[in-house]
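Protein chains: 2
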Amino acid sequence: MENEMEKEENIKERIIRKSWNLFSQKGFEKTTLNDIIMSAGISKGTFYYYFRSKDTLLNTLSVIFDEEYRNVEEQMPADLDSFEKLMYLNYRIHTYIGENFDYRLIANQYAAQLTKEDASNLLDKNRFYFSILNRIIDEGQKNGELRDDLTVTEMVKLYGICERALVTDWCMNNGEYSLGEYSKKMMPLLFGQCRKK
Amino acid sequence: MENEMEKEENIKERIIRKSWNLFSQKGFEKTTLNDIIMSAGISKGTFYYYFRSKDTLLNTLSVIFDEEYRNVEEQMPADLDSFEKLMYLNYRIHTYIGENFDYRLIANQYAAQLTKEDASNLLDKNRFYFSILNRIIDEGQKNGELRDDLTVTEMVKLYGICERALVTDWCMNNGEYSLGEYSKKMMPLLFGQCRKK
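Same order as they appear, the protein sequences are chains U and A. Position one of the first sequence corresponds to residue 1 (the UniProt record's numbering), numbered consecutively onward. Position one of the second sequence corresponds to residue 1 (the UniProt record's numbering), numbered consecutively onward.
Read the hints as simulated data drawn from the structure, not as lab findings. Please read these numbers as outputs of a predicted model, since none were measured by experiment. Be careful, since some hints might not be right.
No copy labels: a pair is met if it fits in one copy or bridges any two.
[To be verified] Within a straight-line C-alpha distance of at most 30 Å, the following computed DSSO-like cross-link-like pairs (lysine-lysine) qualify:
| no. | residue 1 | residue 2 |
| --- | --- | --- |
| 1 | K184 | K125 |
| 2 | K54 | K196 |
| 3 | K26 | K184 |
Using the sequences provided together with the hints, build the complete structure.
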């Protein structure tokens with residue numbers, strides 16, 4: 001049973017990952033269902049077992065991002081303080097986004113969130129993203145590395161606001177510069193007041 | 001001739017101002033062209049002299065905002081330093097937006113910018129918004145109140161990123177809290193690193 005669930009999870013995640021690769025390479029419109037099932041090595045039936053349509057896949061960006069957050073956490077250097085951990089996380093994820101996603105895809109997802117045209121799950125409070133941020137910030141407040149006159153929730157929200165601002169700006173500049181390098185410079189400026197002096 | 005131009009400007013601005021009042025009160029869809037010409041006290045012909053359609057008016061948000069920036073500048077207390085001036089400006093404008101605009105209208109404009117569905121002029125470099133920010137930041141760097149290891153342009157951009165982040169977040173929370181009061185708390189956190197220590 002354990003194995004069955006694990007296998008299911010793997011197939012679903014593989015479909016998601018392969019699809020986003022295709023969306024970035026060929027564009028969302030030009031990616032066909034056939035491209036997706038070929039690339040994931042599955043049947044049409046298997047695809048429809050997990051997803052209603054190609055459009056449904058647009059709501060899975062958070063799955064992809066969270067997978068990367070888990071990777072990055074494993075690779076996190078041990079000697080960083082809490083503030084540095086947050087900056088490292090941001091730098092790695094924004095580098096990942098900048099290098100692997102067409103800015104138009106990201107822009108469309110963010111715009112859809114704003115106008116509530118879809119039920120994007122980037123804001124789902126159960127995301128790994130929120131759990132890792134909560135953990136690092138809570139730790140940082142307890143050991144005196146982050147200011148503690150804001151609640152953990154407020155600081156997580158502020159961190160999210162900063163990231164969203166940087167990604168949005170990158171999109172509005174047509175992805176012309178490196179999202180990772182720009183964030184490396186700007187994120188400590190935007191979030192720096194949260195570090196305890 | 002001077003008077004003619006002034007008069008034209010006034011009519012155009014009145015149409016814009018009255019229209020946005022109506023959009024916020026009744027919603028954009030439910031506002032008719034008739035509502036607009038009645039409210040502005042003009043004929044249909046006069047409306048079409050200035051605007052192609054009701055839709056065209058959506059691109060005039062920057063005109064409204066800049067009008068308010070001019071008002072706020074006139075009311076700016078004389079004893080503020082450059083950083084405080086920037087915070088005052090932000091607080092006043094965000095209070096104005098929060099109190100006068102339906103969050104859905106703002107969300108749609110910001111989303112449209114992201115997906116380039118329209119040529120919104122909020123980012124037009126000739127806006128009064130950019131000129132007043134440039135002026136205050138340049139002054140602040142020269143008299144040592146703001147850090148000078150970023151260019152004026154970089155700092156104006158950062159200020160814009162922060163404001164956009166706060167407005168976006170307010171929209172995503174369905175305008176549930178006061179944009180002005182939230183910004184009063186958050187803007188000094190987000191932009192605080194630009195103050196010279």
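Practice problem: Against the earlier hints, flag every one the structure doesn't satisfy and list their numbers going up. | Solution: 2
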